[in-house]
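Residue numbers (the working numbering): 18 to 679.
No wet-lab data here; the hints were simulated from the structure. Be aware that a few hints might be false.
Cut-off 20 Å, straight-line C-alpha distance, at most; resulting in silico cross-link-like pairs (EDC-like, lysine to aspartate or glutamate) [as the list claims (entries may be wrong)]:
no.	residue 1	residue 2
1	Lys289	Glu179
2	Lys505	Glu654
3	Lys75	Glu37
4	Lys589	Asp605
5	Lys498	Glu483
6	Lys561	Glu651
7	Lys543	Glu504
8	Lys527	Glu490
9	Lys650	Glu551
10	Lys222	Glu135
11	Lys561	Glu602
12	Lys230	Asp88
13	Lys589	Glu665
14	Lys107	Glu602
15	Lys589	Glu654
16	Lys221	Glu135
17	Lys53	Glu179
18	Lys209	Glu251
19	Lys149	Glu251
20	Lys240	Glu37
21	Lys230	Glu135
22	Lys632	Glu602
23	Lys107	Glu135
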Amino acid sequence: MSDQVPPSSPALLEEDKIKEILVSDSSFSILAQRLKQSIRACEEFSSFISRKCHAEQKYSKEIGRIVNHCDHSIVSNNVIVGGSFIESLKKVIHFDEKVNGVKDPYITALQTMADQLEALVQHFTMLRKQLKERGNKAEKEVMDAISMAKKARNRYFNLCTELEKVRSADKNQTKITLQGRKTNSQQDEDLKIKIKDAEDDYNKKANASQRLKNSLITRERPKITNQFKNLIIELDYAMQIQLQKYSIYTESLVVGMGNQINPINGSDSMKKIATNVDLEKNLYYYLKGSTQRKNESLEPVEFKRHPIVGGVLPKPATKSSTSKPRNFSTNSKAATSSGVPPPVSSQNLSVTPIHNSTFNDSTKGNLKASEISTGGNGQQYSSLISSKSTLPPIPTLDMEDPSLAKSYNSLDPGRSPQLKGPRPFDSDHNDSTASFGDNSMNFDSTNGYMLSTDSLGGHLFGLPLEALDLNEEAVPLFVIKCIELIEKYGSNTEGIYRLSPNKATFDELKHAINMNPQNLSLLEPKNPNNVSSEYVYMISSLLKRFFASLPEPLLTNEQRDYYLQAAELSDKMERQTKVHQLIFELPDSNYFTLRDLLGHFRRLSQLPTVRMDSKNLSIVWANNLLGGDFDSKEELEIQSRVVEDLIEFAPSIFTYEDEEGE
Numbered sequence: 018m019s020d021q022v023p024p025s026s027p028a029l030l031e032e033d034k035i036k037e038i039l040v041s042d043s044s045f046s047i048l049a050q051r052l053k054q055s056i057r058a059c060e061e062f063s064s065f066i067s068r069k070c071h072a073e074q075k076y077s078k079e080i081g082r083i084v085n086h087c088d089h090s091i092v093s094n095n096v097i098v099g100g101s102f103i104e105s106l107k108k109v110i111h112f113d114e115k116v117n118g119v120k121d122p123y124i125t126a127l128q129t130m131a132d133q134l135e136a137l138v139q140h141f142t143m144l145r146k147q148l149k150e151r152g153n154k155a156e157k158e159v160m161d162a163i164s165m166a167k168k169a170r171n172r173y174f175n176l177c178t179e180l181e182k183v184r185s186a187d188k189n190q191t192k193i194t195l196q197g198r199k200t201n202s203q204q205d206e207d208l209k210i211k212i213k214d215a216e217d218d219y220n221k222k223a224n225a226s227q228r229l230k231n232s233l234i235t236r237e238r239p240k241i242t243n244q245f246k247n248l249i250i251e252l253d254y255a256m257q258i259q260l261q262k263y264s265i266y267t268e269s270l271v272v273g274m275g276n277q278i279n280p281i282n283g284s285d286s287m288k289k290i291a292t293n294v295d296l297e298k299n300l301y302y303y304l305k306g307s308t309q310r311k312n313e314s315l316e317p318v319e320f321k322r323h324p325i326v327g328g329v330l331p332k333p334a335t336k337s338s339t340s341k342p343r344n345f346s347t348n349s350k351a352a353t354s355s356g357v358p359p360p361v362s363s364q365n366l367s368v369t370p371i372h373n374s375t376f377n378d379s380t381k382g383n384l385k386a387s388e389i390s391t392g393g394n395g396q397q398y399s400s401l402i403s404s405k406s407t408l409p410p411i412p413t414l415d416m417e418d419p420s421l422a423k424s425y426n427s428l429d430p431g432r433s434p435q436l437k438g439p440r441p442f443d444s445d446h447n448d449s450t451a452s453f454g455d456n457s458m459n460f461d462s463t464n465g466y467m468l469s470t471d472s473l474g475g476h477l478f479g480l481p482l483e484a485l486d487l488n489e490e491a492v493p494l495f496v497i498k499c500i501e502l503i504e505k506y507g508s509n510t511e512g513i514y515r516l517s518p519n520k521a522t523f524d525e526l527k528h529a530i531n532m533n534p535q536n537l538s539l540l541e542p543k544n545p546n547n548v549s550s551e552y553v554y555m556i557s558s559l560l561k562r563f564f565a566s567l568p569e570p571l572l573t574n575e576q577r578d579y580y581l582q583a584a585e586l587s588d589k590m591e592r593q594t595k596v597h598q599l600i601f602e603l604p605d606s607n608y609f610t611l612r613d614l615l616g617h618f619r620r621l622s623q624l625p626t627v628r629m630d631s632k633n634l635s636i637v638w639a640n641n642l643l644g645g646d647f648d649s650k651e652e653l654e655i656q657s658r659v660v661e662d663l664i665e666f667a668p669s670i671f672t673y674e675d676e677e678g679e
């Protein structure tokens, strides 16, 4: 029994049965339908590749945003501290960026494939249409010739039938015609002549139809069917090549992604980085880097007698509760040399820290800083302290180590463990508020910035963001409310932030909300169904005044020059990268407030009736966000360019809810 070798694929099309089908009358319709199926398959393949390409692009873009946002959160969130876990988290997160880098050529290849498949669909659709028209034209010529031959045949047979009737009729019968009466013999002669002409025409048209049919079968049909067959095979082969390319690209993508996650060159894999977290060391470094703060609320109250009943008058408390106490040790050489009598020894007397003093304000006011200075008025201080023999017994500090008593004989031993004698009096600790000549600004020594006069007596304008009522993202509720009202009632108002309201009405509302910022309902319009443009201008002016009155600009004084330098860069991508880095360095409240404000500007600039594009908004808002003194035209242009860039780059820096829903 011999093994039969199966025929090759091309040989299958040479079988007699297949050849018979290809030359049959239905070959055109069969092959045209088969080519149409291939074209539809190519369309489906092209649609799939195109959709997948768009999905991969969107996914890659979204992953990039998520990674950037997480990086920023790790840097800006004060709750998250450094440590092995954070370092591992950063590295693991950046694996997605590496995978995105592998996907970039894959996405480009998919886009090229989609374009090629779309071109194949268009090209083969046109060729199919042309071949179908040629085949239909050739068949129509044959069918027309056959139809004419059939008509000639029917005419010929009808005349023969009529001649037969005439010959079988009465020979003496006459027939009335247009030429007159004709006898039977005359009718016979006329019919013979007509039959002769009809027979010649019938013979001619029958031969023509047969000749065209033979030409169609032997020449036109094989040629057209062969072209149909070649087009089908060519299109199917092209799709097979594209399918192979897609498989290779996908396999390369998966291998590349795997190589990024678990490199074969010996680099750390994602799993290895995730398992290298040292939890104990993480906690150790956090505790080591933490700042210890003394909770004054937990300090016990020490007994002391009031001066009026013979107690010791303590040192006057300064306005700054954080000022460091002074040490009046009896062993101090400086105290002796300055002429100040040594105070009572710490072995027999313990003095209460200044923040727990309970003597009245009048007593504090009478005790000036000059009275306790190390200058010539030392006798005034010594007169305030009675001798040891006249004082009632006062509890002393319990010291487990007697040697520590000598080291901790200052007013606050918990805060100054190693004071070795009195230091010159520090006037900075005498008052936490520095007065300026024009009385226009107050200095906050705790936070280190100037307070605007708007903050005097108020609870909103002129205060730092951290001191206001904030939402969960550290954005002031006042800012959120103003943005909401402007976008709700000002969508058809022209010149928002450019035009000003009535000053008296504005000042009245500003004073009311400044005194009671928790009552945001003060900002609501009296009649929501009839809101005027004046109301919108008033709310927008309040928002501008709020940012203008901040003790420090929203973009901070520290970074102002860097923003201006970035605005002078000619390359847009470089400028965007620099601005992105600067915004990430902002404090949380400044960052999220800037995010909401720029999102508001973007939405406002897209309203045609408002007529405030990003350039107009940047001119109006530049000084409010950056601050500083700019006089020249060039400086003002650069300042406004900073805000214009911020508005333009906002979608790539921040994540907005309207973009997430798209």
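Structure-based check of each hint:
Pair hint Lys289 plus Glu179 does not hold up; C-alpha atoms about 106 Å apart against a cutoff of 20 Å. With a C-alpha separation of about 31 Å, the suggested pairing of Lys505 with Glu654 is violated against the 20 Å cut-off. Distance check on the hinted pair: Lys75 and Glu37 sit about 53 Å apart at the alpha-carbon level, beyond 20 Å; violated. Taking the CA atoms of Lys589 and Asp605, the gap is about 26 Å. The hint is violated against a cut of 20 Å.
Distance hint between Lys498 and Glu483 is fulfilled; the C-alpha atoms sit about 17 Å from each other, no more than 20 Å. For the suggested pair Lys561 and Glu651, the alpha carbons sit about 23 Å apart, so the restraint of at most 20 Å is broken. Our distance criterion of 20 Å between C-alpha atoms is met by Lys543 and Glu504, whose separation comes to about 17 Å. Of the pairs offered as hints, the one joining Lys527 and Glu490 is violated, with about 25 Å between alpha carbons and a cut-off of 20 Å exceeded.
Taking the CA atoms of Lys650 and Glu551, the gap is about 31 Å. The hint is violated against a cut of 20 Å. Restraint check for Lys222 and Glu135: the C-alpha separation of about 48 Å exceeds 20 Å, so the hint is violated. Pair hint Lys561 plus Glu602 does not hold up; C-alpha atoms about 23 Å apart against a cutoff of 20 Å. Between Lys230 and Asp88 the alpha-carbon distance is near 78 Å, which puts this suggested pair outside the 20 Å criterion.
Restraint check for Lys589 and Glu665: satisfied, since their Cα atoms lie roughly 11 Å apart, inside the 20 Å limit. Of the pairs offered as hints, the one joining Lys107 and Glu602 holds, with about 17 Å between alpha carbons and a cut-off of 20 Å not exceeded. Under the criterion of a C-alpha separation no larger than 20 Å, the hint pairing Lys589 with Glu654 is consistent with the structure, at around 17 Å. Of the pairs offered as hints, the one joining Lys221 and Glu135 is violated, with about 51 Å between alpha carbons and a cut-off of 20 Å exceeded.
This hinted pair does not check out: Lys53 and Glu179 have alpha carbons roughly 53 Å apart, beyond 20 Å. Between the alpha carbons of Lys209 and Glu251 the distance comes to roughly 61 Å, so the proposed pair goes past 20 Å and is violated. For the given pair, Lys149 sits about 17 Å from Glu251 by alpha-carbon distance, which is consistent with the 20 Å threshold. About 14 Å separates the Cα atoms of Lys240 and Glu37, which keeps this hinted pair within 20 Å; it holds.
As the CA atoms of Lys230 and Glu135 are separated by approximately 39 Å, the hinted pair breaks the 20 Å bound. For a cut-off of 20 Å, the pair hint linking Lys632 to Glu602 is broken: about 25 Å separates their Cα positions. For the hint pairing Lys107 with Glu135, the CA-to-CA distance comes to about 42 Å; that exceeds 20 Å, so the pair is violated.
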